[in-house]
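Trainee: All chains, please: the whole structure from these sequences, using the hints.
Chains as they are written, first to last, in our numbering: chain A, 1 to 163; chain B, 1 to 742; chain C, 1 to 287.
Derived from the structure by calculation, the hints contain no laboratory data. Be aware that a few hints might be false.
To be verified - No farther apart than 30 Å at their CA atoms in a straight line, the calculated lysine-lysine pairs in the DSS-like style are these:
#1 B:Lys69 with B:Lys211
#2 C:Lys234 with A:Lys13
#3 A:Lys7 with B:Lys69
#4 C:Lys31 with B:Lys115
#5 C:Lys58 with A:Lys13
#6 A:Lys7 with B:Lys258
Claimed, not checked - Partial selection, computed: residues in chain A whose CB lies under 8 Å from chain B:
#7 Cys46
#8 Ala85
#9 Arg89
#10 Ala103
Cβ atoms here follow ideal geometry from the backbone N, Cα and C, with glycine treated the same way.
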Amino acid sequence: MREAVRKIRVQCKINGRAMTIEAYPMARLLDVLREQAGLTGTKEGCGEGECGACSIELDGELVNSCLVPAAQADGASILTIEGVADGVRLSTLQQAFLTHGGAQCGICTPGMILAALNLLARHAQPTESEIREGLAGNLCRCTGYSKIFESVVEACRAMGQRA
Amino acid sequence: MEERQIGKSVPRKEGREKVTGGARYVDDLTFPEMIHGVTVRSSAARGRILGIHFEEGIPWDEFTIVTAKDIPGKNCVALLIEDQPCLADEAVNHPEEAVVLLAHPDKYLLEEARKAVRIEIEPLPAVFTIEESLSRKQVIWGEDNIFKALQVEKGDLDSAWDGAAFIVEGEYETGAQEQLYIEPQGMIARASPAEGVTVWGSLQCPYYVHKALVRLFGLPKERVRVVQTETGGGFGGKEEYPSMIAGHAALLAWKSGKPVKIIYDRAEDMAATTKRHPSRTRHRTGVTPEGKLLAMEIDFTLDGGAYETLSPVVLSRGTIHAAGPYQCPNVRIRSRAIATNAPPHGAFRGFGAPQSVFALERHLDRVASAVGLAPEELRRRNFIREGQTLSVGQVIRERVDMNKLLERALEMSAYHAKRKRFAEENARGAIKRGIGFASFLHGAGFTGSGEEYLASEAMVRVTRDGMVEVLAGSTEMGQGTNTIFGQIAAEALGLECERVEILQPDTSLVPNSGPTVASRTAMIVGKLVETAALAVKKSLADSGFLKAGYGAKEFGNASRQYIEQFGALGSLVKYQHPKDLRWDDGKYQGDAYGAYAWAVYVAEVSVDVRTAEIRIEDFVAVQEVGKVINPVLAAGQIEGGVAQGIGFALYEDVVWQEGRMVNGQMTNYIMPTSMDVPVIRVHFEEIPYERGPAGAKGIGELPLDGTAPAIANAISHATGADIRQIPITPEKLMEMLESVNA
Amino acid sequence: MRSYLAGYEMEVPRDLAGTLERLAREPGVWKAFAGGTDLMVLLEAGKLPHRRFLSIWKLRELRGIEVTPRHVTLGALTTYSDVRNQEVLEREFPLLCRAAAETGSIATQNRGTIGGNIANASPAADSPPALLVYDTELELVSVHGTRWLPYQGFWKGYKQIDLRGDELIRGIRVAREKSEWMQFYRKVGTRRAQAISKVCFAGAARLEAGRIADVRIALGSVAPTGLRATETEKLLQGEKPAPAVVRAAQETLAREIAPINDMRSTAQYRLRVAQNLLAEFCERMAA
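Mentor: This is the structure we're talking about:
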C-alpha cells in the first residue's frame, strides 16, 4: 500500500463565504464541494469533463470542477448553484427555467445554469448560435435543449438584453 | 366547463428544487455510519468460475466481502423469470457480470481493493451475434438460445403473393443504444435480519425492486421497503436494472450491519448495465399495381444479451408495431428474442418499436420507389382508418386521420418545395440536402392483458388541513409525473395545483401503480388519480359538508369536518380493464393497446459529401396524442425524445469487442450536444380519448419510433444511399457514397 | 473516481525559479500540472502513471501574450480562451483561433493551455496542425537556461516529446509573416461540439498570379504525431491548383499519412477525408 500523502488546507471563498477545507491535494474540487463543503448541488455525470454537470465558476471562469485538483482551489473564489439565488429570491435565469421548462430530470440543471450565467456575463446580447455554443459543454439527455434555449432567451429578454 | 388546470403549462412541481441545487439525488444523501460498496465483475464473456483470489496489499479484514454464498433467499434478480443471478456463482455468462461485492468506509481504498480481486475463470466458447446465436453452434441459454418467439398471422399470406405486381425485400439493422441518463445508477441500503431491507435510490419502478428484494432475501413483503430518490433520468435504463444494484447494496448492508451506498461511475454504468436491444428485421412486401399493400411478411429478431430480463415484452411491442399504421389484408410476423453473451439488453424508451419501425419506414420508402410512387403517396394509399384492422386484428375504434397529420407535417416542413429545390441544387456543390419522413403509431399502456395483470392502484387522500395528497407508485424522472398528477387531481377537485402534494414513491406508503414505463403514466395511472379525486369530491358532496360553488377555504373546512366525523377522507382506486378490450395471448391477436398516439415526423438533412458528415437542419414532429395536459411538459417530451432519436440515428454507436462495450466513456460514446440538435418544431393534434384523464393518451416513447427512419429517409433522398442500418455514421455513409458514385 | 487519492502529491511552487529548481533536483520525479484537463481525466480513470505534481497554474512567468512587429509570443499557460480573445491572433493567426474554438467546451478552453497541449502530445489534438503550419518555435527552460526549438521535430513519436526531465515549456513563438496568406482549417470530429478529432487539416498558402508560391499543410489524427505533409507541399509548390495537380497531391498525401482504425473511426474514412479536405483547401485557393 502506498504511503498516505498529507492532506492540505484549502482556503477559498465559496458563494461569498470564506471556508477552510482539508483535503488531499489531488482530490477533485467537485468532491470537496459536495462532501467537505456540503454543497451537493454540483453533480457528477461523467468524471471526464465531458458532460458539464459539475460546472462551477472558479475565479470568474466557467470550469468543470471534476477536473480541478483541490490544491489549485486554494485562494480561489468559487460560485456554485447554491450561490446563484439571492436567498429565497430566484435569479431571473432560474425563474425563466421554471416558466419555460428548462429543467426536466434536473441533474444537468445546476451546471447548465452556471454555464448560462457565464454566457450572459460574457455576451451582453447573445445570438442563438452563441447560446448554443456557450452551452455546448453541458449535455442534457431529457430536453433536446429546446426549452433550455427558450429559458435563456427569456432570461435575456427579462434582463433587458436582446437575444 | 372551462378547464382551469388541464391544458395549462403549470410550472414543474419540483422545479424550484431543481433550479437551485436543492433536489436530492441518491449520491447527495449520506446516512450515519454509511460505508461504500463496489462490484467486482467478470472480464470473460462466458466461463466457469474456478476461484476468487484476494491479492496482497489490501487490509482485507477491514472489508465486507459478499459472494453468492451470502445470499439469504434465492440468488436471482426476480423479474419475468428468475434466470439471472444477482451474483454469479459457478459460471459467468457475460462480461461485467457481478461476482463479488466489497464494502469499506474509504471509497478510494475500495477502488484499490476492487483491482486486487482476481476472478479465475475457465473460458467457454461464447456467442456474440444474432447469426451465431441462431446457428446454435453454442447453446448458451435454455434449449435453443431463444428467450421468446412470437407469430402474428392475418389473412392468408401464402396465397397473397400471386396478386402482387411488385415484391420488395430488404434487411434492416439497428445497433445497441445506451440510455445515458446523466445521473448514473446508485442505491443506498440498510438491511439486517432484525429490521428487514430498505433501499433508497435512482429508479423508475419501486415495486419491481421490492419484488426482487423479497425474493433475494426470502423476506415477507412488509419487511422490505423501497424509496425512490430524485432520479436524474431513466428512459427505461432504470426500469429493471435498479433491482440488481439494490440487491447488491442490500447484501452488503445485511452482512456489514451498516448502511451501504453504491454509486456507479460512468464507465461502469455504460459497460455493465442494460442497453436497447440490437435488431435485425427482414421485410418482404407485395403491393398491387396501384401501390396498395397486399402482403407483408416480416421477420424480426432482437438480441437480448445473456439473460431473459424483459426481452419477451420488448419483443412483443416490437412485433405488434412492426407493420405500422397501415391497412394490409395479409400479414405474417415471425419474431424472436435470442441470447448472446453480452450484458443483458433491456428497456429503453420505445421498447422494441424504434427497432421495427425503423425497418418498416425505411422499407416503405423503397417500396414506393419500386412502384414509382412518391413516398407520401404510398402512405396515403395505405393509411389505416377507423374500422379497419391492424396486423394483430385490432379494430381501430378511435378517430384517426393519418392523412391530416401527414398534410400538416409536410406543410410545416415545406416538404414539397424542398424536395423539388434540393433535387436541383444537389447537382452542384459538396453539400447535398434531403428531406424525408416517417409515419407511425405507438400504443400506450401495457400490451394486451398486461394492464389487467398489473392491476394498478392509486390513492387520493385529504389531510385535516385540506391539503390533497396523491399516493402512487409512479415515479418522477423528469417527464412530469408529479406535475400532471397535481393538475389532474386539482382539476377534478376544482382546486389550484398548489393544494395538491404528490407523495414520494415509498413502498411503505404508496400503492403499486405499476411501473413507470410503456407510456402509461398519464393515461392509465393518471386516470386512476382522476377517478380517486372525483370519488373524494363525491364523498364530500354526498356528506353535505361541501356545497356547490366552493372555493379552497370551503374545501378545507368541509374536509376537516368530514375527517372529524368519519376518521379519514380518501379513495383508493384499482384499475378496471375495459370489457371491450380482448387479447388472445396464444394466438397473439386482439386489442393490443387501449389507445394509440399517431404521428408523422419530417427531417431535413444536409450531407457534406467530402466528409459524409450529416447535419439535421430542421425537424418537424406532428402527433395526435389525445388531450395535452401540460403543453410545455408535453413538448419537452417530444423534443427530448427526438434528440435521443437523432443520437440513435447518427451518433450513438456501441463498439463491441467480445461482448464488452469498449467505448464506455462520454468522450467516445457520442450523444448530441446543443450544437447537434436543431430547433425541433412540435405540433399536437388533440382528439380526446374518453378513457384517459381529461382525454389524455400516452406520449413518452412515441418520438423514439419515428425520428431515426425520418432521418434515414432524408439521407437517402439527399445522397441516393440506400440506408439499411443505424447508426448512420459518416464512416458507413462515406463507403456507401463511394459505391453510389462508382 | 478510480485512483487512490492518498497516493498523489501536488505542490504549488511560488515562482518559476523554484519550480525549475525542484525539477533539477529531482528530475523525472515531478510532473508539471497546468490546467489539468488531460491529467485529471487520467486520474479519474485510474490511468495516471505519475504520482507527484508541481502545479504551475499560477506562475506569472508562463502567462501573457506578447506582440512585437515580427512575432507573437504566447506563454505556455495561455489558455484556449486567451487565444480566442486576443485581437492579433484573431486577425493574423485564424488557424490557431479556430483550433482553440474547436477544442472541448468553454469550460475546457478556460483551463486547457497551449503548453499543456504540446506536452500531452496527443495525435488527436486540435492545435498542433495550426502550430505546425505557422512554423512555431518553442522556448524550453530549465535551471541551465533556455533553448529554442522548432516545434516540428520536437514531437518525436506517439506521446513522446523532446523535453528533458528538468525542463518546462516556457512559451511558443509564431512569426507574423503569413498574415496575408490564404488560410484554411477544418476539423472533422465525432459531432459538432466537444468532439475528438477524426481528421484535422490546417493549411496556408501564398498565391502569386494564381500559382502556389509557398504552402504549408499539417494534419492531426492521421499519424502518431501531428504531421507536416512536406511531400505534398513540395508537389504543390509552384503549381496552379488545377484538378490534375490536386489529384496528384491527394495521391502523395495518401503516402505521407498513416491513419488507423480505432474505436472512433476507420483508416479508410480518415484517408478519404484527409484527401477531400486537401481538395477543399485547393478549391479555396482557386476561388
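Trainee: Does each hint hold? Answer for all of them.
Mentor: Going through the hints against the structure:
1. Proximity of Lys69 (chain B) to Lys211 (chain B) is assessed by CA-CA distance (about 21 Å); at most 30 Å being required, the pair is judged to hold.
2. The straight-line distance between the Cα atoms of Lys234 (chain C) and Lys13 (chain A) is roughly 57 Å, outside the 30 Å bound, and the hint therefore fails.
3. For the hint pairing Lys7 (chain A) with Lys69 (chain B), the CA-to-CA distance comes to about 39 Å; that exceeds 30 Å, so the pair is violated.
4. About 25 Å separates the Cα atoms of Lys31 (chain C) and Lys115 (chain B), which keeps this hinted pair within 30 Å; it holds.
5. As the CA atoms of Lys58 (chain C) and Lys13 (chain A) are separated by approximately 17 Å, the hinted pair is consistent with the 30 Å bound.
6. With a CA separation close to 27 Å, the supplied pair Lys7 (chain A) and Lys258 (chain B) stays within the 30 Å bound.
7. At about 4 Å, the closest approach between the beta carbon of Cys46 (chain A) and any beta carbon in chain B falls short of 8 Å, and the interface hint on this residue holds.
8. At about 5 Å, the closest approach between the beta carbon of Ala85 (chain A) and any beta carbon in chain B falls short of 8 Å, and the interface hint on this residue holds.
9. With its C-beta approaching chain B no nearer than about 11 Å, Arg89 (chain A) sits outside the 8 Å limit, and its interface hint is violated.
10. For Ala103 (chain A), the suggested interface contact is upheld, since its CB lies about 4 Å from the closest CB of chain B, less than 8 Å.
Checked against the numbered hints listed earlier, the structure breaks hints 2, 3, 9; every other hint is satisfied.
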